[in-house]
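Protein chains in written order, with my numbering: chain X, 430 to 812; chain D, 430 to 812.
Some clues are possibly wrong.
To be verified - Straight line, CA to CA, 25 Å or less: simulated SDA-like cross-link-like pairs of lysine to any residue: (1) K457/D x R780/X; (2) K457/D x I478/X; (3) K582/X x E502/X; (4) K457/X x D804/D; (5) K777/D x G479/X; (6) K457/D x D463/X; (7) K774/D x G493/X; (8) K777/X x F432/D; (9) K457/D x V477/X; (10) K457/X x P465/D; (11) K774/D x D463/X; (12) K457/X x G748/D; (13) K457/X x Y754/D; (14) K774/X x V434/D; (15) K781/D x T811/D; (16) K457/X x D775/D; (17) K774/D x P433/X; (18) K774/D x G748/D; (19) K457/X x K690/D; (20) K774/X x P433/D; (21) K457/X x V638/D; (22) K457/X x Y750/D; (23) K457/D x S474/X; (24) K457/X x A762/D; (25) K457/D x R763/X; (26) K457/X x K608/D; (27) K608/D x V638/D; (28) K774/X x E475/D; (29) K781/X x P433/D; (30) K690/D x Q637/D; (31) K457/X x G441/D; (32) K457/D x D764/X; (33) K774/X x G493/D; (34) K457/D x G479/X; (35) K538/X x D463/X; (36) K774/D x V434/X; (37) K774/X x V638/D.
As the list claims (entries may be wrong) - Far from chain D by the CB rule (all over 10 Å, computed), these chain X residues: (38) T431; (39) V476; (40) I542.
No wet-lab data here; the hints were simulated from the structure. Note that CB positions come from ideal geometry on N, CA and C, so glycine has one too.
2 protein chains.
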Amino acid sequence: MTFPVVGMVGGGQLARMTHEAGIPLGLKFKLLSDTPQDSAAQVVSEVVIGDYRDLDTLRAFAQGCDVITFDHEHVPTEHLRALEADGIPVRPGPDALVHAQDKGVMRAKLLEIGAPCPRHRIVSDPADAAAFAEEVGGFPVILKTVRGGYDGKGVWVVRSEADAADPFRAGVPVLAEEKVDFVRELAADIVRSPHGQAVAYPVVESIQVDGVCDTVIAPAPDLDEALAGEAQQLALRIAAELGVVGHLAVELFETRGPDGKPGILVNELAMRPHNSGHWTMDGAITSQFANHVRAVLDLPLGDPRPRAPWTVMCNVLGGDYPDMYQAYLHCMARDPQLKIHMYGKDVKPGRKVGHVNTYGDDLADVRERARHAADYLRGTITE
Amino acid sequence: MTFPVVGMVGGGQLARMTHEAGIPLGLKFKLLSDTPQDSAAQVVSEVVIGDYRDLDTLRAFAQGCDVITFDHEHVPTEHLRALEADGIPVRPGPDALVHAQDKGVMRAKLLEIGAPCPRHRIVSDPADAAAFAEEVGGFPVILKTVRGGYDGKGVWVVRSEADAADPFRAGVPVLAEEKVDFVRELAADIVRSPHGQAVAYPVVESIQVDGVCDTVIAPAPDLDEALAGEAQQLALRIAAELGVVGHLAVELFETRGPDGKPGILVNELAMRPHNSGHWTMDGAITSQFANHVRAVLDLPLGDPRPRAPWTVMCNVLGGDYPDMYQAYLHCMARDPQLKIHMYGKDVKPGRKVGHVNTYGDDLADVRERARHAADYLRGTITE
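Chain X on its own, in the form it takes in the complex (with noise of 0.2 Å):
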């Protein structure tokens, strides 16, 4: 049979998860992966070894590949469009996929679309970040390196001018935005295909703990119907604006104005799977990965609709213990009902090693069930 080739350029558990979700849709696999340990590498038939930033590595992987999609926002833009000169299909694209990657080129492209974000400017050193601490009521503010962040790296709360130099020893420009007095965080996912087929996961709420995505809950709880559908529209409509290709997460704010009335407020998109998708697996009837995959290849997408009431995702971080196999039998026999992901990622302190999923109709319940989970897998509980 005919079937495509898929080539995954990362290693990482978002590629792991991927694999996973094109095994039953009888795709080829085929991972570009930094190290034969990485979490994909670990479970996919067909890894190459190599650095993707560098090109000739990326067109030699490419050959056989019927499309080009990744794990990560990092391979270089230029690199992404030589792949494209040589007839290989990128997706998302390299238009596209730079406004995940650059958090300036982001907000200059949300604010002519005219898409909610808090206010902000790029700043030339602490003394501008200072004056537009001014601009926006005063400090803290935020400043972020527009490229190279993720999980709260390259991101600073500002307290001060004096506390505004960091930022600027990368030497890569930084974007200050103003800090947002948010009621919630919420993400917004979708799934847009190259012939512009497009569906929506119902708006979550996205809880995160020191910078890193810790809870997920769909959908999210005591959410005005409007402003869900409203963010749903953002989130397709940024798509479409911006010509992505495949999963987009739109990371938002939730706001109450001064009339009480709420809003949001765009904060950071990822243009591939994501942690604020991972309920997916097991709450939705298509999966963020399934749907990634069929999007990438133009294949008709699945029904992103919920499967339970409530399905709730905690991240599971490596802990004091290198160990997790005694404390992950335990959470199976406490929860047959649990769904537990693991990444195959050795254990450290703070790393994101797995997360698990859990489904019912009472929140809390469902709510406790992964929370015990988690904390008890990364062994800051016990029985």
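Given chain X, put chain D in place with the hints provided.
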């Protein structure tokens, strides 16, 4: 992390889907496959190509595996005993597996434990088969070679003594069974772990066409509740009495007594993930594949309950068109809720190359959707 290594003997679709289920569990998977083109060999990272009938190959393969389990039941019993003597856990073990390998041994054991079976005995030649027919009320009777049959192979419906020569040609003992006048076929699938924990899936209806499984409906519609419980209890008892570890499929005939009372008779046993359980991949909280690996590793088992009122599985058989990709596109577009499972196998007429699952509240609709997709993929219908 010290997560265990599962050694899977056999590279067919059951191994492929077991690997898929093992990825989120964080397990390492090692495959012994006949060829690199085998269904599972296409998607597993660590593949040994070799002959499972060769003990040295098996021994080398077993190095570094924490447990050995199977995609099929064809590994010689003496080889399994040798592996066990080497200290490798083999699950299911040879003493259990022999009952799935040898229909004569299976029938003798089932009689011994009082499991309801069709009348049967080993017959020595066509004349003896005719004598057996006489004993059970006349031809037709069923003749089976005690070893080597599957999917209708090794099974004959014999209508006369002259007709009964074929089964004896292989030089394998021949088992004669009465031809049961059954209402329908059922399967009671259970999973049992070494420490004796066991879970029972809902009893399903299995519809065969030309001796090959075509459709499975979960749960079996209109099944008498007491009979369903009896079937589950029977499967659990067989597993315990035979020492089965892992997934056990008990294929059953549903009968109707002269008093109209429903009953069951055991048709076949399979000690591995089984076609009657493919619906669990999308229809149950924990799939048969996930529970099979959990069982062979003596991990706590997952919840076997269904997630939807009805789930229907239809096998996708090869038709006259070698390339299913266009049909596959069509099916995804027609039914965004359809769950397709392709095995990566070349299309040959009548060959199982995949299956589809559908689920929902309305059995007629769920069944039509699965039927349509399977027929469309095979090429026997167009829109």
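Results of checking the hints against the structure:
1. K457/D x R780/X: holds, 20 Å
2. K457/D x I478/X: Roughly 19 Å between the alpha carbons, so the hint for K457/D and I478/X holds.
3. K582/X x E502/X: holds, 14 Å
4. K457/X x D804/D: holds, 24 Å
5. K777/D x G479/X: The given pair, whose Cα atoms are some 38 Å apart, is violated under the 25 Å limit.
6. K457/D x D463/X: Answer holds: K457/D to D463/X is near 19 Å, not above 25 Å.
7. K774/D x G493/X: Holds, at roughly 19 Å.
8. K777/X x F432/D: holds, 16 Å
9. K457/D x V477/X: holds, 19 Å
10. K457/X x P465/D: Holds, at about 14 Å.
11. K774/D x D463/X: Violated: K774/D and D463/X sit about 30 Å apart, past 25 Å.
12. K457/X x G748/D: holds, 22 Å
13. K457/X x Y754/D: Given that 25 Å is the threshold and the Cα spacing comes to 13 Å, the pair holds.
14. K774/X x V434/D: Cα-Cα ~15 Å, so holds.
15. K781/D x T811/D: holds, 20 Å
16. K457/X x D775/D: Judged against 25 Å, a Cα distance of about 14 Å means the pair holds.
17. K774/D x P433/X: Since the Cα atoms of K774/D and P433/X sit roughly 14 Å apart, the hinted pair holds (cutoff 25 Å).
18. K774/D x G748/D: At roughly 13 Å apart (the allowed maximum being 25 Å), G748/D and K774/D satisfy the hint.
19. K457/X x K690/D: violated, 51 Å
20. K774/X x P433/D: holds, 14 Å
21. K457/X x V638/D: violated, 31 Å
22. K457/X x Y750/D: At roughly 20 Å apart (the allowed maximum being 25 Å), Y750/D and K457/X satisfy the hint.
23. K457/D x S474/X: Roughly 13 Å between the alpha carbons, so the hint for K457/D and S474/X holds.
24. K457/X x A762/D: Holds: K457/X and A762/D sit about 21 Å apart, inside 25 Å.
25. K457/D x R763/X: holds, 23 Å
26. K457/X x K608/D: Answer violated: K457/X to K608/D is near 45 Å, above 25 Å.
27. K608/D x V638/D: It holds: about 17 Å lies between the C-alpha atoms, which stays within 25 Å.
28. K774/X x E475/D: holds, 17 Å
29. K781/X x P433/D: holds, 20 Å
30. K690/D x Q637/D: holds, 24 Å
31. K457/X x G441/D: OK: K457/X and G441/D at ~16 Å, within 25 Å.
32. K457/D x D764/X: Given that 25 Å is the threshold and the Cα spacing comes to 23 Å, the pair holds.
33. K774/X x G493/D: With Cα atoms ~19 Å apart, K774/X and G493/D stay inside 25 Å; holds.
34. K457/D x G479/X: OK: K457/D and G479/X at ~23 Å, within 25 Å.
35. K538/X x D463/X: Not OK: K538/X and D463/X at ~32 Å, beyond 25 Å, violated.
36. K774/D x V434/X: holds, 15 Å
37. K774/X x V638/D: violated, 46 Å
38. T431: Violated, because the least Cβ-Cβ distance between T431/X and chain D comes to about 5 Å, which does not exceed 10 Å.
39. V476: Check fails; 7 Å does not lie beyond 10 Å.
40. I542: holds, 28 Å
In terms of the numbered hints stated before, the structure departs from hints 5, 11, 19, 21, 26, 35, 37, 38 and 39, listed from lowest to highest.
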